[in-house]
Amino acid sequence: MEEEQTVRELGHDEFDPNGTLALITVYFLILLVMWVFMYFVEFLGNELTVVG
Amino acid sequence: MGSALETGTPSFVDRFPQEASVVKAALTSSFIALFLGAVFGIIQGLHRTEVFRFLDSQFYYTVLTAHGVLMVVSFTIFFLVGIFTWAVVRSLDRPVEDIRYTWAWYGLMVVGTLMAVVAILGGFVPSTELSADVLYTFYAPLQAHPLFYGGLAIFIIGTWLAGADWFRSWYAWKQEHPDERIPLQTFMVLTTMLMWYIATIGIAIAVVGFLLPWSLGLIESVNPLLTRTLFWFWGHPVVYFWLMPAYLLWYTVLPSISGGRLFSDPLARVVFVLFLLLSTPVGIHHQYVDPGIAEGFKLIAMTNTMFLLLPSLLTAFTVVASMEHGARQRGGSGLFGWLRALPWRNPAFTGMALAGLMFAAGGFSGMINAGMNINYLVHNTLWVPGHFHLTVGTAVALTFMAATYWLWPQLTNKPLFSRPIALSQTVVWFVGMALMSNAMHVMGLFGVPRRTAEPQYEGFEFVASFGSITELRMQLALGATLLFISTVLFVVNIALSTGSPTQPGLGQPLPKPLSPAADSPEVLDNLKLWFGIAMVLVVLAYALPLTSIVGDSGIIDRGVSAAPVMIDLLTGLNPVAAVTDTGSRLGVAIWEGML
Amino acid sequence: MNIHSYEKIWLVVAILLIVGFISTVTYGATAVGIDMVDDEGGTVNASALDEDPRFSEPRVEQVGDNEYEAYVVAQQYIFKPDPITVPANSTVTFFVTSPDVIHGFEIVGTNANTMVIPGQVAKITVNFNEPGEYGVVCHEYCGSGHHTMEGSVVVQPEDEFSHGGDE
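In order, the protein sequences belong to chains A, B and C. Residue numbers for the first sequence follow our numbering, beginning at 1 and rising by one. Residue numbers for the second sequence follow our numbering, beginning at 53 and rising by one. Residue numbers for the third sequence follow our numbering, beginning at 648 and rising by one.
SDA-like mimics (lysine to any residue), calculated; alpha carbons at most 25 Å apart, straight line:
(1) C:727 x B:611
(2) C:727 x A:52
(3) C:655 x B:409
(4) B:466 x B:549
(5) C:655 x A:13
(6) C:655 x A:31
(7) C:727 x C:774
(8) B:564 x B:229
(9) C:655 x B:387
(10) B:76 x B:215
(11) B:226 x B:573
(12) B:76 x B:555
(13) C:655 x B:233
These are calculated hints, taken from the structure and not from any lab test.
Please model the entire structure based on the sequences and the hints provided.
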């Protein structure tokens, strides 16, 4: 049922997750931008903030 | 390594036929709950958006209670006990200690579920006193029939006994393997159950100590803030009870179906220990805008919650790295190009990958929910269901469905009825959820409330700063429809698989991780230590808030009267009549159209 | 413990992100001065609201220069007073409670949002600027008529505002 085709085997010392690092960096940047937008624009920019 | 096409690889049902029966039973219960829950879900999605209403709006809350309980109590937890039984038996490579005990706790869970579901469905029959229109959170002073609270209590006790079953297996295995590290899957099961034992303290006290006796008339009143706080003591860690089985699948199965190996066993253990420690002392983040709870307690809950992001962020790395390993072993190359080398035609893979992707988005809306003061913007708006349909609704549910495509053949020795249908099912789910959840998040930001049958008000209009409310409602309804179709595709595919002829060689062994358990300090396996620290953290987070609530407004509040939820006989249509009435009108319209 | 260097980098970045989130929230709480709803409103006898000078007559009352208090009762399925009338350019502290079940009180499209729990008084202070009208919605399920529960806040130009508002 599977189509695993192992072309080569990668052991622990032969593998550096470069792609993962790149993807997770993109994700981090998205989180940063979205957080700043949500907090400072959507939230603080909204009316009737509770101050007491 | 890990190739499943070796003829004659024994499957789980070959090696452990009795255990396979229990696992199948648990999963079957889970899918029945999923299907019923989905029927109620589509009714809601069409009703609140004004697309199609055939029930009087007061019955919406009966539908909503059923949807919530069936989805996040029955569907998720029956699946958990099935997958955990499989994982423990498989990783310890031994049958359960006493199969009758196993069937007994499963039976208790079924009894408890039936009791609660009957109580809820009683809400559709106004002539009885049986009803539980209190929603999944059952906040007092709204009061359900005692059958509801009793059913939930029995269900939870069933899960406690299940945990004991797996601990027994582990103790027995330990006698024969005294110096070995706990196999990873069993480690994950045990840490999850330790978290559950701590988490259920709150709900057990709320239900057995207060709400059940109150619904039986044995105590005259309850303190609604106290019972609500005890609910959320459990209400946050329960989401990890849903997530941790999904994480177990992502860590131990997904690497293999990606064609690779788990990037790091030690980090997986660290992540599960972190969940044991931090899942419970955060519940007050569901009560950021509650009166009666001091701001300092909310601040503590906030910082604990923010740190609770860490195990999920670590999981993102480890799981993606494991997938990348698989992709590169399959010949993938390039910084991003390896993604194409992944087995996208395998529905088990695609389902889990899409679930993980959606979880990244759901994680973000969770970060917002954690942000204490920003909660003013989103509390109890439609944003909140937007968030949890991404997390439990996709990261967990879609992973469970994808895992079923992988596991079910190993429980039955029968291949899946249709791989193409399974693959499209996962994509339809993802698209449907993207549409529905996006609409929910955006409408929430415009102030549209959750848990409301008719969010269309007379005195004011919701103002959309982009797009329009009508478009967003259509989007929500469309998304909900796609999700319902996807659910049907899943359930029918599994059901039809029972008709396939049996075939050998469906076993799927799991390869060893790249970085093994031996690479991690043994203290990680010291469950007593972590359990002890977890208890201390919970006491620190909850002792003061609970004592101050009791001090301020009492262990019960005599000023608060019970509000039993009974449909008002005079103002609502009987829903059975409504359905037959609608049906006959449709029939007449079709007939006249044909003439 | 053998952790890949990339994952160590991510661990540090993740912790920095978490600290960043906590700092933002703290900034909101301190520099911007946002207070959470808490126990300052005190407790009340839910079955004796008619004996409480605030809630026996839900209303808006002036307590200082441009300072007002609004005593609001949320109950199945209305808000009292309706509308809640306040003057423009005022600071209003809402005291909200319920004689029956848990409700929500949200001024739609704004950050004024609190739970209303019988036996507890929710106290929130906000600043109103220009004249206008807002809807108020109950966003916590409170029974079969929950979806009909709405109210409003009317912000009147200062010269039009009459002391005490409507009942």
